[in-house]
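Kindly generate the complete structure, drawing on both the sequences and the hints.
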Amino acid sequence: MTDFDEKRRDQLTSAPEAVESDADPRIDVSEGTNGATRIDIRDDAQVRPGPADE
Numbered sequence: 001m002t003d004f005d006e007k008r009r010d011q012l013t014s015a016p017e018a019v020e021s022d023a024d025p026r027i028d029v030s031e032g033t034n035g036a037t038r039i040d041i042r043d044d045a046q047v048r049p050g051p052a053d054e
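Heads up: the sequence shown runs through residues 1 to 54, numbered per our numbering.
Keep in mind that a hint or two might mislead.
Claimed, not checked - Across the chosen pairs, the derived CB separations fall in these ranges:
#, residue 1, residue 2, range
1, PHE4, ALA45, 29 to 35 Å
2, ALA45, GLU6, 17 to 23 Å
3, ASP44, GLU17, 18 to 24 Å
4, ASP40, PRO16, 29 to 35 Å
5, THR13, GLY35, 30 to 36 Å
Source of the hints: derived by calculation from the structure; they are not laboratory data. For glycine and all other residues, C-beta sits at the position ideal for the given N, C-alpha and C.
Structure representation (structure tokens):
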């Protein structure tokens, strides 16, 4: 685990009611076509963008 990952985990689990799964990855970053950065929301992410009723 990198220093960045450790700091991220510490920050996301420091709230009084936080649980370890709050620090789970939510996105995948890869290189798309023409060298563009591609950011995808993970299928297993507990928190996803979009309307709350979906």
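Do the hints match the structure? See the list:
1. The hint said 29 to 35 Å for the Cβ distance between PHE4 and ALA45, and at roughly 19 Å that hint is violated.
2. A beta carbon spacing of about 20 Å between ALA45 and GLU6 agrees with the range 17 to 23 Å that was offered as a hint.
3. At roughly 22 Å, the beta carbons of ASP44 and GLU17 sit within the given window of 18 to 24 Å.
4. The given range of 29 to 35 Å is respected by ASP40 and PRO16, whose C-beta atoms sit roughly 31 Å from each other.
5. In this structure, THR13 and GLY35 meet the distance hint of 30 to 36 Å, their C-beta atoms being roughly 35 Å apart.
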